[in-house]
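A.B. asks: Chains as they are written, first to last, in this note's numbering: chain A, 1 to 103; chain B, 1001 to 1229.
Worth flagging that the hints you see were computed from the coordinates, not collected in a lab. What you are looking at is a predicted structure, and each value in this text was computed from that prediction instead of being measured. Hints are not guaranteed to be accurate.
As the list claims (entries may be wrong) - If you anchor each label on the Cβ, the simulated ranges turn out as follows:
id : chain 1 : residue 1 : chain 2 : residue 2 : range
1  : A       : Leu72     : B       : Val1074   : 38 to 46 Å
2  : A       : Asn78     : B       : Thr1011   : 45 to 53 Å
3  : A       : Asn78     : B       : Arg1015   : 46 to 54 Å
4  : A       : Val58     : B       : Ala1201   : 38 to 46 Å
5  : B       : Phe1101   : A       : Leu95     : 19 to 27 Å
6  : B       : Asp1149   : A       : Pro98     : 44 to 52 Å
7  : A       : Trp71     : B       : Glu1064   : 42 to 50 Å
8  : A       : Ala64     : B       : Gly1150   : 16 to 24 Å
Claimed, not checked - From the derived model, a few chain A residues whose C-beta atoms are all more than 10 Å from chain B:
id : residue
9  : His65
10 : His68
11 : Gly70
12 : Trp71
13 : Leu72
14 : Leu73
15 : Leu79
From the three backbone atoms N, C-alpha and C, an ideal C-beta is built for every residue, glycine too.
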Amino acid sequence: MSLWLALGHVACPCRASWPDPSCYRAVMLGLGVEPVREVSMSAGIVGGRGGALLGALVHLDHPAHTIHWGWLLISVANLVVVALMLVIFILALVLPFPGRRRP
Amino acid sequence: MSAKPGRPMWTWRVRDAAVRAFPPERLLPDRQPVYVASWIYVFGVLTIAAFIVVLVSGAWLGVEGPAWWHTSKVGLFVNSLHLWSTELFFFFMVIHLWGKFWMAAWRGKRQLTWITGAVAFVASIGAAFTGYLSQQNFASQWIASEGKDGLNSAGVGAVFNVLNFGQMFMWHILLLPLVLGVLVVLHVLLVRKHGVVPPFAAKAPVAFGSGEADPDAGGDGPVGEAGPR
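Excised from the complex, chain B in its bound form (with noise of 0.2 Å):
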């Protein structure tokens, strides 16, 4: 596995490449737009706070089982922290799609950091829908019994079929976990690389940490003020 002389190893090449596409000063930049300074952007980093408590508490569950979810005192503790941190996930995802979608987050080369938080949104309300369908009790039954209806009325067919707990289960705890993961680290990346979307009013004023103007950005009005967060 030794280079070709002349040539650096593969270990290198993908380093620097990923070096290139995401440059350590905008991976963690210290300086942040003006515009920044706004209530609207917290729901971005609330989602993911959320959702880092919702994979915790699933683990844990996971770990468990139901019979300790449903019976003990810690365990129903931990399901209902689950259930709660998903709701809240989707409440913060709403109203951070909501400011995105009217400030129109997809301008200035960030069509990808948009489909990438649609998919991500798409893709949480399966692993939702599955997680009811797990939870071992009436209400997943109930929600089976009426979901398969609604499925096949819509063509879906049995190769997703609600009433096999194992399928919706293994969906609900690898499958669907793992494609939302990947879609967030994509997501924060591409963030991070083409840095959040200025108001309409606004031209980005800064490159993360340069303190130069962003070509890239999208916006159309006056230069903002730099400061720091």
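Pulled out of the complex, with its shape left as it was, chain A reads as follows (with noise of 0.2 Å):
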């Protein structure tokens, strides 16, 4: 494994588009290299049968959408994260708790 991840470090070309499995596998596989799994960049699965049906519902196989707005650049999936966050930081602030007793 480590061989293949030496390899593949030094070996892949296509740094733009880095994040897309298919790079490195197809860098990999012209190296006389199979692989045996792939591992997703984020220590998940993206193969396999669980990955197919992730894949279903979000398609991640791609390089990440980034939006670049003057100095400002982040991943759409960051820009969700920090949203959701708001939005769950305001329901916290707004929502009733169970069981509180109103005067």
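Using the hints, build the complex out of the two chains.
C.D. replies: So, in structure tokens, the structure goes:
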């Protein structure tokens, strides 16, 4: 595995599409190395049956979409998480707590 | 090691000092101020719950090793559990931070509670960063090669070498969890000692477990109503 990782790190020519598993898979196959399993960039599974199931819901097999506005550069995934945090923060302030006694 | 006549042993003195600093009735209160009945007060304990999952899943990964977490189904599951509990840990912690910031949670002699929380947040970022470096996959190599330039440009130098896997792994599984664990315990003890910060509109109505006013509280409005939780 370490040889596979080392070769991939040196040989992958398409840094622009680095998160794309097909990128380094193609390089590995070109070097005659058969990857035994795809492992996602964030430690999850993108291959296999579980990946196929998740892939049916959200297509993740592509480079990250980003939003660039002036100095601000953020991936859509991170922006969604930040927006979700803001929504939950506001809901936590306004939603009544169960069992709270009102005067 | 016997005590001198008339002077208690050091173990008794340590216990006495600990009980005086953290009275048991404050550590496990059965009553809380009424303003605690709000969802915004839930995110601290959610952060701790996620942290426990992070520690347990991380210990499991540490026992089994990289070959296991990259190739076996259970290993991949525990690896993902470690990642997503970390994501939730930060998610809850940041909302907790926002809530406490806008409440000015350092009021009422709670400066140390705020500081331990803030330092724990910074230590968590370091723990997460070294965790990404310890994945043993393409991402960790990519993050290390990019991160070294950023850290070098900030003048960090070779004392913290992100290309040194052994060093980063030890930071991730030993040093930073130890620091973070101590800070979290201290943070919780301080919260128990001083109580949760009241909203601006309320004075703390009760000292924990006593039903009496808490002179350390930082509120400045009308007194709220105590209620069981």
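A.B. asks: Output the indices of the hints that this structure fails to meet, ascending.
C.D. replies: none
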